[in-house]
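Line by line, the protein sequences are chains W, R, E, X and P. Going by our numbering, the first residue of the first sequence is number 92, and it counts up by one from there. Going by our numbering, the first residue of the second sequence is number 92, and it counts up by one from there. Going by our numbering, the first residue of the third sequence is number 92, and it counts up by one from there. Going by our numbering, the first residue of the fourth sequence is number 92, and it counts up by one from there. Going by our numbering, the first residue of the fifth sequence is number 92, and it counts up by one from there.
Treat the hints as calculated values from the structure; they're not laboratory data. There are no misleading hints in this set.
Since the list gives no way to pick one copy over another, a pair counts as held whenever it fits inside one copy or between any two copies.
Only pairs whose alpha carbons sit at most 16 Å apart, straight line, appear in this in silico EDC-like list of lysine to aspartate or glutamate: (1) K335 / E156; (2) K183 / E97; (3) K392 / E353; (4) K183 / E106; (5) K335 / D154.
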Amino acid sequence: MSNAVEQIIANYAGESPGVIGNLRRLLNTGTLAGTGKLVILPVDQGFEHGPARSFAPNPAGYDPEYHVKLALEAGTNAYAAPLGFIEAVAHKYAGRVPFILKVNNSDSLGGPDEPCSALTSGVQDALRLGCTAIGYTIYPGSGLRNEQYSAIRELIAEARDVGLPTVLWSYPRGAGISKNGETALDVVAYAAHIACQLGAHIVKVKPPTDFIEQKEAQKPYAEIPKATLAERIQHVVQSCFNGKRIVIFSGGAAKGTDEVLEELRQIAKGGGNGSIMGRNAFQRSQADGSKLLKDAMQIFKSA
Amino acid sequence: MSNAVEQIIANYAGESPGVIGNLRRLLNTGTLAGTGKLVILPVDQGFEHGPARSFAPNPAGYDPEYHVKLALEAGTNAYAAPLGFIEAVAHKYAGRVPFILKVNNSDSLGGPDEPCSALTSGVQDALRLGCTAIGYTIYPGSGLRNEQYSAIRELIAEARDVGLPTVLWSYPRGAGISKNGETALDVVAYAAHIACQLGAHIVKVKPPTDFIEQKEAQKPYAEIPKATLAERIQHVVQSCFNGKRIVIFSGGAAKGTDEVLEELRQIAKGGGNGSIMGRNAFQRSQADGSKLLKDAMQIFKSA
Amino acid sequence: MSNAVEQIIANYAGESPGVIGNLRRLLNTGTLAGTGKLVILPVDQGFEHGPARSFAPNPAGYDPEYHVKLALEAGTNAYAAPLGFIEAVAHKYAGRVPFILKVNNSDSLGGPDEPCSALTSGVQDALRLGCTAIGYTIYPGSGLRNEQYSAIRELIAEARDVGLPTVLWSYPRGAGISKNGETALDVVAYAAHIACQLGAHIVKVKPPTDFIEQKEAQKPYAEIPKATLAERIQHVVQSCFNGKRIVIFSGGAAKGTDEVLEELRQIAKGGGNGSIMGRNAFQRSQADGSKLLKDAMQIFKSA
Amino acid sequence: MSNAVEQIIANYAGESPGVIGNLRRLLNTGTLAGTGKLVILPVDQGFEHGPARSFAPNPAGYDPEYHVKLALEAGTNAYAAPLGFIEAVAHKYAGRVPFILKVNNSDSLGGPDEPCSALTSGVQDALRLGCTAIGYTIYPGSGLRNEQYSAIRELIAEARDVGLPTVLWSYPRGAGISKNGETALDVVAYAAHIACQLGAHIVKVKPPTDFIEQKEAQKPYAEIPKATLAERIQHVVQSCFNGKRIVIFSGGAAKGTDEVLEELRQIAKGGGNGSIMGRNAFQRSQADGSKLLKDAMQIFKSA
Amino acid sequence: MSNAVEQIIANYAGESPGVIGNLRRLLNTGTLAGTGKLVILPVDQGFEHGPARSFAPNPAGYDPEYHVKLALEAGTNAYAAPLGFIEAVAHKYAGRVPFILKVNNSDSLGGPDEPCSALTSGVQDALRLGCTAIGYTIYPGSGLRNEQYSAIRELIAEARDVGLPTVLWSYPRGAGISKNGETALDVVAYAAHIACQLGAHIVKVKPPTDFIEQKEAQKPYAEIPKATLAERIQHVVQSCFNGKRIVIFSGGAAKGTDEVLEELRQIAKGGGNGSIMGRNAFQRSQADGSKLLKDAMQIFKSA
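Starting from the given sequences, assemble the full structure and let the hints guide the process.
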């Protein structure tokens with residue numbers, strides 16, 4: 092039994108043993124097992140940006156098995172993907188690496204006027220495929236905010252009933268938010284807080300910049316340390332119920348290795364629970380991608 | 092058995108013993124137990140205004156446990172919060188202080204064109220978490236009024252079926268209401284009356300100013316005493332079925348202690364059933380916030 | 092057994108005994124029991140116009156019990172009100188005076204762009220509260236007409252299943268209808284007919300003026316006697332399936348006693364089934380309001 | 092408003108206004124309106140004993156309309172019968188006399204080995220037919236006791252949900268109860284108590300003899316006054332939650348008028364809430380049956 | 092916050108906050124609040140043995156309000172009763188003393204061949220009436236054992252979903268168990284263990300004698316200390332998951348005060364969590380019954 096894990100689990104004391112058990116499974120798998128830290132490999136970019144934009148840099152990635160093998164080989168805590176990618180590999184890999192079924196997805200071909208992903212799978216699929224959790228994206232700031240908050244409320248309840256925790260991708264986006272505002276510190280911290288208030292077990296946001304978007308927020312943020320990414324991460328962690336909810340950070344667009352690793356060091360230093368790293372892993376060669384994931388885990392392990 | 096409480100309860104004679112029992116529980120808890128008065132600590136500002144704007148003035152408040160401990164230590168009748176904040180503390184505090192689950196919430200990042208909060212939790216959550224009541228916000232004046240009135244109708248019915256009373260936050264807002272009009276006496280009294288007509292067990296409105304918004308209302312209000320806040324509170328109480336429904340008042344934005352206490356004295360003098368005080372309590376230091384809550388309760392106790 | 096009542100009941104031969112029984116109950120209660128005539132006290136103005144505009148002229152009316160006592164003391168056939176007002180008195184008065192639960196309501200603070208009341212209670216509430224019928228407002232002429240006609244269709248069906256008849260308030264209103272047109276003879280008769288076609292058991296409209304709104308209607312109305320209110324009432328009665336559906340008339344805004352009584356005499360003379368009189372009754376003193384209701388009933392009794 | 096009725100109603104404070112309203116309707120109808128006493132005409136003997144055994148003594152009774160007219164003409168509080176008899180008259184009489192739909196029935200042609208009536212109608216029928224209450228027979232002592240208690244539990248809940256109270260016929264019968272035991276004081280009081288514990292709003296039992304059936308009950312009953320029927324009635328009333336539940340008594344097989352009236356005097360003297368009198372009424376001529384019902388009501392009126 | 096209570100609560104860590112909250116409420120009410128001990132007043136004997144056998148010794152007990160007042164005045168942790176007794180007092184006492192709704196009951200007039208109580212109320216009733224827990228009787232040893240175990244399985248699940256814990260009365264009875272065997276140490280310990288295995292939150296059994304019923308159990312029980320009641324209680328506590336489930340003991344038939352108090356001292360000494368005392372309390376005069384309950388609580392308080 093890991094103290095680090097059980098300290099985290101204690102923050103979810105009201106949950107049923109089924110949900111708790113799956114949280115433990117996520118936290119006790121792979122290289123970071125028992126550390127209370129998580130590195131997750133997500134591969135929903137094929138759906139979100141199209142296959143070629145996602146997999147042409149490393150064509151092995153067209154094959155769904157490539158990713159789950161990468162996750163397994165690198166020793167990540169979990170592998171997250173949309174329905175089709177999970178279905179393609181679940182029979183062979185269920186029980187070997189925890190799956191997170193991403194139950195809604197957006198594409199870049201068009202859609203509603205306001206940001207809102209489509210429901211593409213559900214809790215029953217997650218059970219059928221042997222998944223350990225479900226994942227869902229909300230867009231705080233969207234004109235369709237109400238629909239998304241209501242939908243995730245029902246999904247979390249449904250998932251809980253069958254012992255599955257929920258990972259919430261919280262991406263601020265909408266008419267009232269500027270492009271820079273989407274990663275502004277005030278907005279990211281707010282989006283993370285909303286996800287926690289909605290009942291997410293694990294929250295995923297982008298690493299925030301030191302930009303402050305909302306006029307009303309200028310005053311409090313004048314006092315909040317935000318010069319380094321670590322400081323900003325620390326504020327996001329604080330905004331997640333003072334660290335009582337697991338919060339992990341995405342890396343965003345592919346970038347240089349040094350840049351990625353430095354970002355991870357800052358996330359670790361700021362007290363983030365880990366990283367969810369997609370394109371930076373699977374758009375590199377198998378060897379490089381795996382190495383990067385392993386290096387990422389070493390960073391969190393030594394944190 | 093408190094006469095003050097039983098006189099209030101008698102106004103709810105048609106309700107089931109389950110609803111009655113939970114109303115008694117609210118009225119018989121904490122420092123004001125048995126007085127027929129209520130002071131409630133609500134903490135939904137993290138959701139409504141963002142975490143830093145809410146908790147930076149007193150960073151202890153990022154931690155959900157801070158608030159429920161404050162409520163318990165200060166001796167309030169109840170603690171009201173959104174799903175996430177309640178979930179984070181329910182296992183440890185259920186049965187020790189009554190929870191009011193705020194089942195809809197808005198945020199400041201964006202949303203529908205007309206004022207309308209998102210449904211973020213429900214009656215089944217309230218039972219699961221051991222809550223004593225649910226809370227809901229309506230925006231009379233909103234172009235989405237009909238959707239909100241219909242939604243609360245169903246929620247009240249669902250909550251009643253399982254013995255839970257409903258607290259209705261009634262905040263006039265919309266294209267036809269000026270900024271000053273949102274706290275105008277005629278509009279606040281009207282909003283309180285609508286909440287009662289919708290079946291609310293407890294109504295929460297803002298303290299009204301002496302402004303009169305609606306042209307058609309000028310004439311009757313020429314005769315209604317409204318110079319002091321106490322007089323205006325009295326008219327709101329009258330508008331709540333002549334005092335047969337519990338009505339409590341929020342304090343709004345944080346302000347000076349003297350100002351807060353004077354407002355509470357006027358509310359008490361005007362016959363208001365109590366106060367729901369959030370930012371003024373949790374944005375002060377623990378000692379000051381607790382003292383303010385206790386002073387507030389003393390005012391209602393001596394009323 | 093009253094012949095007058097049974098002649099009316101015969102027009103509803105296809106209805107279930109439950110609906111018939113409650114129609115009989117409405118027609119066999121109070122001073123007008125057995126006459127086939129109805130005087131109903133409706134108090135939804137607090138919701139529709141705000142509490143002060145409704146109750147300041149006679150502040151006793153802020154108390155929901157005032158109205159049901161007035162109805163009982165004056166001997167009206169029924170008392171109609173929104174959910175909150177009925178809930179506040181139902182335990183004490185159910186079974187003593189028939190309640191009509193007004194299941195939709197509008198307010199004057201704002202709302203959808205087109206006239207459309209909000210659903211504020213339902214058939215299950217009517218049963219729970221011991222009501223004898225439900226009431227609903229449609230706005231023929233509204234851009235949201237279709238939503239309202241569909242909603243009332245479902246409500247009438249649901250109410251019928253449990254033995255409750257439906258009273259339909261039919262108020263023409265919308266972009267294509269002038270202010271004068273709302274009470275024009277052609278428009279009122281048309282609105283009454285639509286209510287009958289929608290399956291209303293009792294129709295409520297405003298007393299029509301001799302104005303003709305619709306160009307296409309000028310020709311037929313040239314031949315229809317309409318000089319006196321009695322003649323116009325007769326035409327509305329005729330438009331209600333030649334008198335085979337019960338139609339009652341509202342008095343509208345409060346006015347002088349002589350004016351009210353003369354209007355009632357004309358309604359009675361024209362064959363109207365009765366009157367639904369709110370503000371004219373409860374905005375007077377208790378003695379005067381009760382006397383007016385009793386005088387109204389005498390007019391219909393002698394008709 | 093009758094004090095006698097409202098004192099009874101106060102014992103049902105936890106019920107919804109719908110149930111309360113229908114209890115009021117039963118208690119405020121007919122000759123005994125407002126006295127807190129009830130005389131009910133039940134005609135289920137055609138089903139229970141066959142038509143000729145029931146109606147040959149007064150062949151007018153083969154016609155279902157005969158009975159409801161008798162109830163109406165005599166001024167009873169209600170008319171109770173199985174589905175078919177109610178359906179045959181409901182359209183004409185709904186709203187004129189309260190119906191109690193007897194939703195289970197037994198016949199004398201055969202059936203299960205243990206006493207257990209068949210469910211022959213339901214709550215939805217009661218609403219459709221405009222009934223004021225449902226009635227149900229349990230046989231405490233039956234080997235099928237558990238099935239009956241569970242069934243009535245669900246029916247009472249279903250009826251309550253739509254505002255209908257339940258009358259429970261409680262007839263001890265079964266392998267462990269002797270023929271004399273079925274009307275023994277201990278057994279009748281026990282059966283009445285069970286009906287109250289099951290949630291009956293009105294209990295109907297047979298007038299008890301001074302026989303004591305159960306060995307274990309001999310000792311307490313040695314001290315309980317039981318020489319006169321009035322004393323025994325008083326004990327049954329006491330066993331019905333010390334008089335807080337309405338209990339009425341059947342007359343059983345047809346007998347001499349003097350005998351019937353004396354029994355009623357004793358029931359009234361002992362504090363019974365009334366009588367349910369079938370064969371003694373409808374097996375006499377119309378004039379005699381009506382007179383007997385009226386004499387019965389006089390006895391309770393003067394009590 | 093009471094350490095004694097929280098140590099007990101920790102054994103139910105997997106339960107939802109709703110169930111936990113109601114367990115806390117039971118453990119934090121009345122004289123024994125915060126001690127981890129429970130004294131409960133149960134009054135189902137009217138149903139189980141008939142009204143006179145139950146209430147003739149102290150006729151005030153025919154009135155359901157007598158018992159809830161006794162529970163409140165004496166300061167017990169809870170009041171347990173069948174549906175009717177709870178319904179009769181719930182509107183007035185809900186929220187003032189925790190109710191345990193006994194959802195199945197047996198009577199002494201007859202029933203199925205094998206011991207099996209009838210379902211007489213349910214979880215929805217418990218919510219409607221504002222109860223804190225449900226209670227249920229199983230008869231291990233009954234030929235209808237399977238039906239009972241399945242039924243309680245479903246009830247516990249249904250109750251848990253709405254936040255209600257379950258108290259299980261476990262009374263060994265059946266063809267294979269001798270009269271003495273019903274209270275034999277091996278059998279009582281076994282019955283208590285079965286109740287725990289079925290998921291009971293609180294177990295109620297009779298104090299065991301030193302008789303050993305089952306041949307196969309003679310050998311292990313030769314080694315188990317059982318000379319004193321305290322030793323036997325200790326073994327039952329041990330059989331309840333080594334003290335990780337709450338177990339309370341009934342007193343059985345009324346007896347002398349000294350005898351009752353000595354039994355309670357032994358229960359307390361053996362580590363029992365408390366006592367459920369019915370006839371010994373309500374069959375005495377109000378003063379004596381209340382004193383006995385208070386003396387009982389003093390014994391557990393000093394334990």
